[in-house]
Every structure is written in structure tokens, then in C-alpha cells.
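First to last, the sequence lines map onto chains A and B. All residue numbers for the first sequence refer to the working numbering, where the first residue is 5 and numbers rise by one. All residue numbers for the second sequence refer to the working numbering, where the first residue is 5 and numbers rise by one.
None of these hints come from the bench; they were simulated from the model. Predicted model only: the values in this text are computed from it and were never measured. Incorrect hints may appear among the rest.
[Unchecked claim] No farther apart than 30 Å at their CA atoms in a straight line, the calculated lysine-lysine pairs in the DSS-like style are these: (1) LYS360(A) - LYS216(A); (2) LYS114(A) - LYS128(A); (3) LYS389(A) - LYS329(A); (4) LYS96(A) - LYS12(A); (5) LYS253(A) - LYS50(B); (6) LYS55(B) - LYS11(A); (7) LYS128(A) - LYS252(A); (8) LYS253(A) - LYS266(A); (9) LYS337(A) - LYS217(A); (10) LYS96(A) - LYS252(A); (11) LYS267(A) - LYS210(A); (12) LYS337(A) - LYS253(A); (13) LYS162(A) - LYS267(A); (14) LYS96(A) - LYS50(B); (15) LYS329(A) - LYS210(A); (16) LYS50(B) - LYS67(A); (17) LYS93(A) - LYS47(A); (18) LYS55(B) - LYS253(A); (19) LYS128(A) - LYS50(B); (20) LYS273(A) - LYS217(A); (21) LYS50(B) - LYS111(A); (22) LYS273(A) - LYS329(A); (23) LYS252(A) - LYS266(A); (24) LYS55(B) - LYS114(A); (25) LYS217(A) - LYS267(A); (26) LYS267(A) - LYS244(A); (27) LYS55(B) - LYS96(A); (28) LYS11(A) - LYS210(A); (29) LYS334(A) - LYS360(A); (30) LYS50(B) - LYS93(A); (31) LYS50(B) - LYS216(A); (32) LYS334(A) - LYS388(A); (33) LYS266(A) - LYS210(A).
[Said to hold, decoys possible] Distance windows between CB atoms, simulated: (34) ASP21(B) - PRO319(A): 20 to 30 Å; (35) GLU213(A) - GLY47(B): 21 to 31 Å; (36) LYS279(A) - GLU30(B): 21 to 31 Å; (37) GLU30(B) - PRO99(A): 48 to 58 Å; (38) ASP21(B) - LEU97(A): 26 to 36 Å; (39) LYS6(A) - ASP27(B): 51 to 61 Å.
C-beta: ideal position from N, C-alpha, C; glycine also.
One-letter residues, chain by chain:
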Amino acid sequence: MKSVELKKDIYWVGAVDWDIRNFHGYLTQRGSSYNSYLIMDEKIVLVDSVKHYLYEEMLERIKQIVDPSKIDYIICNHVEMDHSGSIPKIIKLCPNVIIVTSPQGEKGLKMHYDTTNWNFHIVKSGDTINIGTRNIAFLQTPMVHWPDNMVSYISEEKIIFSNDAFGQHIASTGRFDDEVPYSMLVEEARKYYANIVLPYGSQVQKVMEEVKKLDIEIIATSHGIIWRNYIADIVRLYDKWSRNETEKKAVIVYDTMWESTKKMANAIKDAFEDKDYNIHMYNLQGTHISDVMTELITAEYICIGSPTLNSSILPTVAAFLAYMKGLAPKNRKAIAFGSYGWAPLSIKEIEETLTKAGMDVVASEKINFVPTEVQLKELTDRIKKVI
Amino acid sequence: MARYICTVCGYEYNEEDGDADNDILEGTLFEDLPAEWTCPMCGVGKEDFEKDFDEEEDDDEE
Numbered sequence: 005m006k007s008v009e010l011k012k013d014i015y016w017v018g019a020v021d022w023d024i025r026n027f028h029g030y031l032t033q034r035g036s037s038y039n040s041y042l043i044m045d046e047k048i049v050l051v052d053s054v055k056h057y058l059y060e061e062m063l064e065r066i067k068q069i070v071d072p073s074k075i076d077y078i079i080c081n082h083v084e085m086d087h088s089g090s091i092p093k094i095i096k097l098c099p100n101v102i103i104v105t106s107p108q109g110e111k112g113l114k115m116h117y118d119t120t121n122w123n124f125h126i127v128k129s130g131d132t133i134n135i136g137t138r139n140i141a142f143l144q145t146p147m148v149h150w151p152d153n154m155v156s157y158i159s160e161e162k163i164i165f166s167n168d169a170f171g172q173h174i175a176s177t178g179r180f181d182d183e184v185p186y187s188m189l190v191e192e193a194r195k196y197y198a199n200i201v202l203p204y205g206s207q208v209q210k211v212m213e214e215v216k217k218l219d220i221e222i223i224a225t226s227h228g229i230i231w232r233n234y235i236a237d238i239v240r241l242y243d244k245w246s247r248n249e250t251e252k253k254a255v256i257v258y259d260t261m262w263e264s265t266k267k268m269a270n271a272i273k274d275a276f277e278d279k280d281y282n283i284h285m286y287n288l289q290g291t292h293i294s295d296v297m298t299e300l301i302t303a304e305y306i307c308i309g310s311p312t313l314n315s316s317i318l319p320t321v322a323a324f325l326a327y328m329k330g331l332a333p334k335n336r337k338a339i340a341f342g343s344y345g346w347a348p349l350s351i352k353e354i355e356e357t358l359t360k361a362g363m364d365v366v367a368s369e370k371i372n373f374v375p376t377e378v379q380l381k382e383l384t385d386r387i388k389k390v391i
Numbered sequence: 005m006a007r008y009i010c011t012v013c014g015y016e017y018n019e020e021d022g023d024a025d026n027d028i029l030e031g032t033l034f035e036d037l038p039a040e041w042t043c044p045m046c047g048v049g050k051e052d053f054e055k056d057f058d059e060e061e062d063d064d065e066e
């Protein structure tokens, strides 16, 4: 186990979670990492920590550089337990340490842990602390992605500790963006945005305005790799995603009982194909909802299908709808579809959910029992007319 | 007209602007917001908002 020097006297001392595959419902098929950083100046600073079960790994890396009892400050940019989980453990080794966090961060920490003997220093946007030759400035980033979130910036080093912003769930030995395959990196950054940050586009826009004013050479994220070579790329992508900018793309998501809804999905796909759309079609029997979201963030059309089962929809589709509604993609057009036996209730339910989610439902298509070739052709033609 | 600040996330409800995304017309007083209205940014209820007194003082001067 090694620590990694990012800049002189600034080290990555985090932990790699090779095993994790379910991050509160998000399929993390490449594992993840929890990145904490150690800054060695006249004052010694730990920026964020790791999940509680990887504490020993973080401690081992810190010990290679310094005796942990000498840490003066722990910056808590975000109280969620993947970043704060080891603070209650390490604080036992440095009981006089000062916890630097936002007002909401203090509240949050007190509701997670017994903080009776903790020393807090509360910071707001624009505040700085001097640690010797460097100053650390703070910028609150509320709802990117919790109320307490903030980022820390050292102008002398042009490094921003961005916490969850710009993160990706990747377990790797390479710590930097040029040490992993680029396309995989962008894919995971996109998946992360889609599943964690998507509801907060307008807040991301505000943060981006501030971030663009800073001179940045390193974005030290709290998950996955650290950006140093492709900073312009990820900033541009965050700008695009947070504006809910879409492409000529359709995502078709469905589940099926006796393949009637599947046939309808294919007929709808044919219409989009005819209009030269980029299409991503997912049967929820074999696709994780978090993978659908990855493509959905730039999709102009979202088409959701379910047959009627017991006067409702298939549970896979219900789960997807609930998940998507929470992640709240904006400015989208939608199509509801499905087959039914005697009462077309699933289609109505999907349509209502899409409407409530603020989408423009351009078509709602239902077919009784098994579609004929003629009905499917007619369906394709109807969809072609409305898209 | 007054402003109200969400104590959880910092969102500002400005009575002058309303909340167009949630069909709240310009000029809607905070007290007239429907009981089920929630913070457009973080989702908490009206009870988690506090009046922005700095803004009120400005109003008094007018």
C-alpha cells in the first residue's frame, strides 16, 4: 500500500474498494475508491476520509508520511459516510484535531456520530484557513449533492478538492486520468453524473460559474481518478449535462410478459431508426436501472413500456420510473406504451408518472394482447408522425 | 415583498419572483404558498424556511 504524491507535500491517502457493486442502488461494476488527501505544511491537514471498513488502509498510507497524532485539521467537505466514516476512528489518534466543515456539515456530523469532544471550525463560502505556506479556501456547493457539500481550493497549488463533483466509481491502481482508458473514464463519469448529480443541474451551473474563475491544474475528486490532463473535457461535460442538453437520441426501456410489449418496443425503435436517431433499447429483465440512466442524461426521447399486470405495471418498470423520477431529467419528450389483456392500466400509469415528472408525453400507445404485423406497422407510422 | 431562505440548503424564495417551475405566480406571499409546497432545491417543507430580515429592512426604507 502506497500513498501517492499529487504535488509536493500533497498526497492521496485514500482507499480502493475493489468489491463494491451496489452503491445505494447504483450498480458500481468497476468498484470505487474513497479519496482522502494529506497536506503537509506547517499545519497538517487531512481532506475527507474513507468508508469505515477501509479505515486501516487509509491509516497505513498516512503513517508512511506522518504520525497521525500530528494532524491539525480534518476538512469534512461532505458528511456522507463514504467520506466521513473514518473520522470518528482517526480522531481517537489526534483528539485535539479541528474539524473544518460547513454549518450544515456540522449539523450533519452531529446527527451521524457522537461528536461530544470534537472541535469544530465552521466555514462558509469565501472563508480561508492558513496552514503555513498555503491557504485553503472554501466554497459551499449546496445540493451538489447534499445541503452540506463544499469544495476546498488551494490557489498556491491550483488544486481543488471537489469531493463528489467530477467523481466516478472506479477501483484502480492508477490514480490519475491519464492512467486509465479514456473512454472508460468518461463513461464512468457520465454514469456517476446521471445517478448522483442529475437532479441538481441548476445548482451545478452556479458552482461551475465559480469553478471557471479558478485556475485549476488538479481536480482531486473523492471517488475514482484524479483529473489533471483532461480537466477541460470534464468541465465541458459537466456544463453540458447540467444544462440538460440533449442529443438526437432515444432511450427505449421496457419489460415484457409474453413479448407483446417487446414487439411494440421494436416497432417504436423502427420509427426512431427511420428518423436517424441514435437509439438505446433496454429490456429491464437484464439491465440495471442505473445503466439506463447513463444513456438517458443526453436523450431527447424517453420511451417506457410495460404490459398490464394485475391492473398495474411490472415491478421492474415501477422501480425504474421511481428511480428516474427522483433523478428528474428536465426538458424531455416521452412515449408511454404497453400491451394489455382487458384493461390498459399500465399505459395510463406510465403516462401519469411521466407527466408528473414534467415530461412532454407525445404518444401513449396500447395494443390488446398480441400485436399483429399490421398493428406494429401502424404503430411505427404513428410514432414517425409525432417525433 | 420579502425573501425567505431555506435553512437546509440555502434556496431563496423571493415573493416578487414566485416559483414558476411549480406554478407559483409572481407576487405570491410566502404565507400564501400552498401547504404542500416544498423547497424546489432540496425538498423540505415551508416550516424549514426563515424570513430574510436584511431584505425586510430594505423594504421598510422604501
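Q: Find the hints from earlier in the document that the structure breaks and name them by number, from lowest to highest.
A: Result: hints 1, 5, 6, 7, 9, 10, 11, 13, 14, 16, 18, 20, 25, 26, 27, 30, 31, 33, 34, 36 and 38 break, sorted rising.
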